[in-house]
Amino acid sequence: FIFGILRGEGIEVANALMVLGIPEETDIGTIETTLETIKVLGKVRVRGKIFEPVSKTLTVLCECREQIDSSKVPLVFENEEGDEWTLVMAEIETSSNLFSEKLDKFLQEEGKTREDIKVLCGPALSWNQNPESIIRAVSDALQPTRTHENTHKTKHKRSRRVHCLYQYSQCTHSKFRYP
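If you read the sequence shown in full-length UniProt numbering, its first letter stands for residue 1, the second for the next number, and so on.
One should not assume that every hint holds.
[Claimed, not checked] Pair by pair, the computed Cβ-Cβ distance ranges are: (1) 81 to 53: 16 to 26 Å; (2) 83 to 42: 18 to 28 Å; (3) 45 to 112: 47 to 57 Å; (4) 72 to 5: 18 to 28 Å; (5) 49 to 104: 38 to 48 Å; (6) 65 to 100: 22 to 32 Å.
[Claimed, not checked] Dumping the calculated DSBU-like pairs for lysine-lysine here, alpha-carbon to alpha-carbon at most 30 Å: (7) 72 to 56; (8) 39 to 56; (9) 72 to 102; (10) 112 to 102.
Everything labelled a hint here was simulated from the structure, so no lab data went into it.
Everything numeric in this text was worked out from a predicted model, so none of it was measured.
We treat Cβ as the ideally placed atom computed from N, Cα and C, and that holds for glycine.
Let's have the full structure, built from the sequences with the hints guiding it.
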């Protein structure tokens with residue numbers, strides 16, 4: 001649901017901030033300047049708001065000029081009047097971190113190490129160069145141990161694993177951080 005709203009408003013997930021618990025009478029300018037006191041947010045712009053009848057408060061959707069590092073933003077913020085606002089933002093997980101985890105698990109299952117792959121990459125290639133080079137090297141590293149397994153099923157399974165690793169390397173995953 002929230003991703004649909006962000007897309008509809010043209011807001012990048014990494015720049016989005018939802019604030020809950022704002023008193024109804026608080027004007028937009030006050031909300032923006034109050035949130036800008038959290039220095040890591042930078043310039044903040046309110047993009048939408050909704051009244052919550054149960055809590056009798058506002059929930060606002062904000063856009064920050066810079067990407068938000070959720071590890072540096074408090075989950076609960078107390079303004080000058082003593083009101084507690086709850087901040088909800090996305091935690092962005094980069095595909096390279098997930099790719100590394102998947103690669104390590106895959107190599108362990110195959111009885112290989114990163115060193116086996118580094119040797120195949122050679123000194124001219126950087127280990128962190130690009131996922132396609134790493135995937136090619138993994139495939140090459142597995143080749144010698146699999147020469148006796150020439151069945152179509154085994155080749156397809158290995159090809160599928162390498163393709164899955166490539167797919168993980170191409171996407172960015174995110175989840176929302178909520179108190």
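Results for each hint:
1. The supplied range of 16 to 26 Å is met by residue 81 and residue 53, whose beta-carbon atoms lie about 22 Å from each other.
2. A hinted range of 18 to 28 Å holds for the C-beta pair residue 83 and residue 42, which are about 22 Å apart.
3. For residue 45 paired with residue 112, a C-beta distance near 49 Å keeps the hint of 47 to 57 Å intact.
4. Between residue 72 and residue 5 the C-beta distance comes to about 24 Å, which sits within the given range of 18 to 28 Å.
5. The hinted range of 38 to 48 Å is satisfied by residue 49 and residue 104, whose Cβ atoms lie roughly 44 Å apart.
6. In this structure the hint that residue 65 and residue 100 lie 22 to 32 Å apart at CB holds, the actual value being about 30 Å.
7. For the hint pairing residue 72 with residue 56, the CA-to-CA distance comes to about 29 Å; that is within 30 Å, so the pair holds.
8. For the suggested pair residue 39 and residue 56, the alpha carbons sit about 28 Å apart, so the restraint of at most 30 Å is met.
9. Only pairs whose Cα atoms come within 30 Å are accepted, and residue 72 paired with residue 102 is accepted, the gap being roughly 27 Å.
10. The hinted pair formed by residue 112 and residue 102 meets the criterion: a straight-line CA distance of about 13 Å does not exceed 30 Å.
Hint violations for this structure: none, all hints satisfied.
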